[in-house]
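Visitor: Residue strings, one per chain:
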Amino acid sequence: MTVDWQTIADATAQGAIYALMAVGIGLVFGVLRLVNFAYGQLIMAGAFALAMASRWGWPVWGGILLCFAVVIALSMLMDRLLFRPLRTQSPAVMLVATFAVAFLLQSIALLWFGPLGRVAASLAYLNRPFTISGVEIRKIAVVAIAVAAVCLVALVVLLERTTVGLQMRAAALDFRTARLLGVRANRVIAVAVLLSGVLAAIVAIMLTVQTPLVTSDFALRDTIVVLAGVVLGGLNRLVPATLGGFAIGFASGFLGGALPTEKSQYLPTFLFAAVILVLLVRPAGLFTRGRGAVERV
Amino acid sequence: MSALVIDKLSVNYGAVRAVRDVSLEVKPGEIVGLIGPNGAGKSSTLHAVMGVVPAAGGEVRLGDRRLLGRRSEEVARAGIALVPEGRRIFAELTVDENLRLGLAGRRSRRDTAGVLARIYELFPVVKEFRARQAGALSGGQQQQLAIARGLVAEPDVLLLDEPSLGLAPRVVDAVFEALAAIRDRGLAVLLVEQRAQRTVALADRSHVLANGELRLTLGPGDADDTDRLVAAYFG
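Which chain is which? The protein sequence lines are A and B, in order.
Note that the working numbering has the first sequence beginning at 1, numbered continuously upward.
Note that the working numbering has the second sequence beginning at 1, numbered continuously upward.
Worth flagging that the hints you see were computed from the coordinates, not collected in a lab.
Hints are not guaranteed to be accurate.
What the hints assert, rightly or not - Residues from chain B that face chain A, not an exhaustive set, calculated with beta carbons under 7 Å:
#1 R77
#2 A78
#3 D96
#4 E97
#5 G105
#6 S108
#7 F129
By construction, the Cβ of each residue, glycine as well, lies at the ideal position given by its N, Cα and C atoms.
Go ahead and model the full structure; you've got the sequences and the hints to work with.
Guide: Next comes the structure, spelled out in structure tokens:
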């Protein structure tokens, strides 16, 4: 069997994008013990921002700025209106609340932009391939991998080398003790939500290159797959969660590219069956070292 | 340096009155002991001061600042450090990272190096194992780290919740010696303990708490008066 480098490049890019989404979900889970099901709708909002900017004839950088502005504003709004007031409620309450926000945002998008959605094509040229020693690789694959690598390195530096990063790690381990030491809960959560929003905007930009047609269910399937990956890797820790996101992105990208078209419709079925199987064998996650189930604060 | 004043503090858990009208004061340069059997309300008193549990009544003041109703992080930033029960070290972080987390409660951002130097002098082990994972330390070393982490915030008041719990007697000696040194630096220390005799011997005065009420106040001279201690616990 020959190695299909093009498929591997695309799969790695998919893994890289999913890894960023996993980090975005994992950062908020770390400090709030909350799985934000509305994460995909943040990405959707960013994608619509790009589409509208290109419709209004804005330059590419203008669209990117608008995308960041919209996603970050929505994230911070979610934090103020939802996460802060509900922080002390049970995890079930917060979970249902994020479900409600997810469907609310989706309905609003459907009302505003209709079932056909909008097209965000300003970065579509990144879909064109270039050739390295006879192998055709799409530019977006290289861009996605590079952007994800830069984001992850920057995040590691922030978490390991800055005071707020240290406080975020401590809050994820034991929020009550961190607060007793004087760590400001609202500040740590706001920073986590902000970073998570920045990542959502970046993901929105890269996903619109692959899927220029933006509808109200944009990134919905990706989010569900990433959530499966995050749980698969180990929700409780950022590194395993990120690896889980990458692994499931790579697997779905690779299988989607390798399988013939008429077989690829079975991909989601296969993927989620595999997730269930892994969870039955390793409930704490694939990439954790024998730790217990998710710890609740 | 300000004194900690607890005035007619009450804490309820549902219908259970865990702390009833407890009043006590800790002045700078003093160790005040709070002893009593399990479930007497000792930890609840500390938790109410720190804003971890709501108070049902009374007032807590640091100098002239009222503390009740504030969030934990605000109380910490006002100048009160709690060394929690069970130490609550971040086992996966390094010793140095644990210590730096304590800086969050500091009111000033200046001269961090000087603060750390004074802590290292008091607890050399914290300096020696700086780069090590905190979870790899022994119980006694973790307790020293927990106290050091509270002290880097340069608080006026240090609250300790059973610092000798689970430690070998020789290690308890070291911890109690450290508390005496901390008192000599002018801090107000409120020490919650189960080891009644040792606490009474160390503290400037010790209050006996039972069923949420202050029963008795003992001085260092009462440490050997076993009858009085037993009577206070079970009386």
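Visitor: For each hint, tell me whether it holds in the structure or not.
Guide: Hints and how they fare:
1. The closest approach between the C-beta of R77/B and any C-beta of chain A is roughly 5 Å, which is under the 7 Å cut-off, so the hint is satisfied.
2. Interface hint status for A78/B: violated, as the beta-carbon distance to the closest one in chain A is roughly 9 Å, over 7 Å.
3. Because the beta carbon of D96/B sits about 10 Å from the nearest beta carbon in chain A, more than 7 Å, this interface hint is broken.
4. Interface hint at E97/B: satisfied, since its Cβ lies 6 Å from the closest Cβ of chain A, which is below the 7 Å cut-off.
5. Evaluation of the G105/B hint against chain A yields a held restraint, the C-beta minimum of about 3 Å falling below 7 Å.
6. The interface hint given for S108/B is violated, since its Cβ lies 13 Å from the closest Cβ of chain A, which is over the 7 Å cut-off.
7. At its closest, the beta carbon of F129/B sits 18 Å from a beta carbon of chain A; the interface hint therefore is violated under the 7 Å criterion.
Figure legend: structure checked against the earlier numbered hints; hints not met, in rising order: 2, 3, 6, 7.
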